[in-house]
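Asker: If you read the sequences in order, they're chains F and E.
Using my numbering, read the first sequence as starting at 1 and increasing by one per residue.
Using my numbering, read the second sequence as starting at 1 and increasing by one per residue.
Think of the hints as simulated: they come from the structure by calculation, not from any bench.
Glycine included, C-beta positions come from ideal geometry on N, C-alpha and C.
Certain hints may be false.
[Unchecked claim] Far from chain E, some chain F residues (derived; all Cβ distances over 12 Å):
1) Leu7
2) Arg41
3) Trp43
4) Leu144
5) Leu146
[To be verified] Quick list of in silico lysine-lysine cross-link-like pairs, DSSO-like style, CA-CA up to 30 Å:
6) F/Lys5 - F/Lys88
7) F/Lys177 - F/Lys191
8) F/Lys213 - E/Lys88
9) E/Lys88 - F/Lys210
10) F/Lys211 - E/Lys88
11) F/Lys81 - E/Lys141
12) F/Lys294 - E/Lys88
13) F/Lys50 - F/Lys5
14) F/Lys88 - E/Lys124
15) F/Lys294 - E/Lys124
16) F/Lys294 - F/Lys213
17) F/Lys230 - F/Lys191
18) F/Lys81 - F/Lys138
19) F/Lys214 - E/Lys88
20) F/Lys191 - E/Lys141
21) E/Lys6 - E/Lys141
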Amino acid sequence: MAPEKKLQIALYWGAACGGCDVAVLDTNEFILDVAALADIRLWPIAVDGKYRDVEAMQDGELDLTIFSGAVRNSENERIAKLLRQKSKLLVAFGSCAHMGGIPGLANTTTREAIFDRAYLHNPSIEQGSQTIPRPETKVAAGTLDLPSFYRRVYKLADIVDVDYYVPGCPPAPSQVKAVLLAIAQGDLPPKGSVVGAADQAVCDECTREKKEKKLKRFYRPWEIIQDPAKCLMDQGILCAGAATRGGCGVRCPNTGQGCRGCYGPLPNVIDHGAKFLSAVASIIDSNDPEEIRKVLEGIPDFACIAYRFGMPASLLQRNLQS
Amino acid sequence: MSFEPKIVGFLCNWCSYAGADLAGTSRIHYPPNLRVIRVMCSARIDPTFVLRALAGGADGVLICGCHPGDCHYSEGNYKAMRRYPLLKQVLAQYGVEDARVRLEWVSASEGQRFADVVTDMTEKIHALGPSRIRAHLQLDKVER
Chain F
1 MAPEKKLQIA
11 LYWGAACGGC
21 DVAVLDTNEF
31 ILDVAALADI
41 RLWPIAVDGK
51 YRDVEAMQDG
61 ELDLTIFSGA
71 VRNSENERIA
81 KLLRQKSKLL
91 VAFGSCAHMG
101 GIPGLANTTT
111 REAIFDRAYL
121 HNPSIEQGSQ
131 TIPRPETKVA
141 AGTLDLPSFY
151 RRVYKLADIV
161 DVDYYVPGCP
171 PAPSQVKAVL
181 LAIAQGDLPP
191 KGSVVGAADQ
201 AVCDECTREK
211 KEKKLKRFYR
221 PWEIIQDPAK
231 CLMDQGILCA
241 GAATRGGCGV
251 RCPNTGQGCR
261 GCYGPLPNVI
271 DHGAKFLSAV
281 ASIIDSNDPE
291 EIRKVLEGIP
301 DFACIAYRFG
311 MPASLLQRNL
321 QS
Chain E
1 MSFEPKIVGF
11 LCNWCSYAGA
21 DLAGTSRIHY
31 PPNLRVIRVM
41 CSARIDPTFV
51 LRALAGGADG
61 VLICGCHPGD
71 CHYSEGNYKA
81 MRRYPLLKQV
91 LAQYGVEDAR
101 VRLEWVSASE
111 GQRFADVVTD
121 MTEKIHALGP
131 SRIRAHLQLD
141 KVER
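Isolated chain F (complex conformation) (with noise of 0.2 Å):
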């Protein structure tokens, strides 16, 4: 009898830091019973793998394509297409594949600031440097190219068709071992689902002590000695959990960080950040609008806050001179 086909699997990131792939090596000794159940055909952190051999591939002979990272460049674009085209399965995996990330928080400054701030002016360069970046370089033996940079970041559904989203900065190990199970097993929920997740709030799964909040003034963790009894948004530190879909066991908050936002909005919330600027702000013990105003002053840059992981995923997506 011929043995059953292994599973033909591809791991890729588009703009990324590498800690999705670090999740999924997190699972510790099940990546073994991966490789046994699946054919890793690329994977450019951990194995060998070259774009033309996924450009020689059938269309569809991948089974899955486990997609981390936010799409920034042409690169991430032009890979993450092909990776579609050659797979049954494309998973969103991680925050940034998701939402954006926080490679999306770039979409508050425009391309020229970026490259500015990067490769003109900055302290630890060369002064004077000119040298950004750019598509093509000629040089004598011929010309040379590089992805362009994007305007702005996209998440991967903006690019292609995605056909599943697991959220998380980084996914929590225990959620992508049940998810890539799911997937072998062909136990498979509607397209476009978030799978590895809950569908309540963080507040839900979250054992912190909570009364009703009122506040006069927020704190960043380091101004305040916090009780680690008590919900952090009653002792006036902020935290995403109420606004945010749960399912990663609440790994912040059990460690005295407020809730960043990474698993994203609840089910059928547009836009994340909204939903959490109305629970912080309505939070204010005040009915004065000066005072109010010094409370809020309590927390600057609350766009970069409300849309941490998801900028890109936002109703606005990005700053209108970007």
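Let chain F serve as the given structure and place chain E on it in line with the hints.
Answerer: Below, chain E without anything else, positioned relative to chain F:
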């Protein structure tokens, strides 16, 4: 063709919608640029509504509720009062011009005040020109 601003107005049922109604029954003239959506309370106006109106092509959004202390539900308008400055901060970080979103208190007896607010806001947005938000979002689909 000259630019006519599209302004979405969220008016609370108990004060501001009645104020708008009074402006109408009193035959006060004001620009027809406001598209009114009646909500039960200014606290019902989720910031999502404002963002969605802007993303959908509105040139401005007007939020109206009962004067502080007059809320039909005692303190709904205080919720709106607290959310508004934080929403404005977020909008500024997105590069949305200040005059595009506005909060005003209008009572049921203030038909004239309602007409004045709509007139003033329409003029300011006229001067500002059309919102670029929707066009940018469309452009992003084809031009990276």
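Asker: Kindly indicate which numbered hints from before are broken by the structure, ordering the numbers from low to high.
Answerer: Numbers 14, 17, in rising order.
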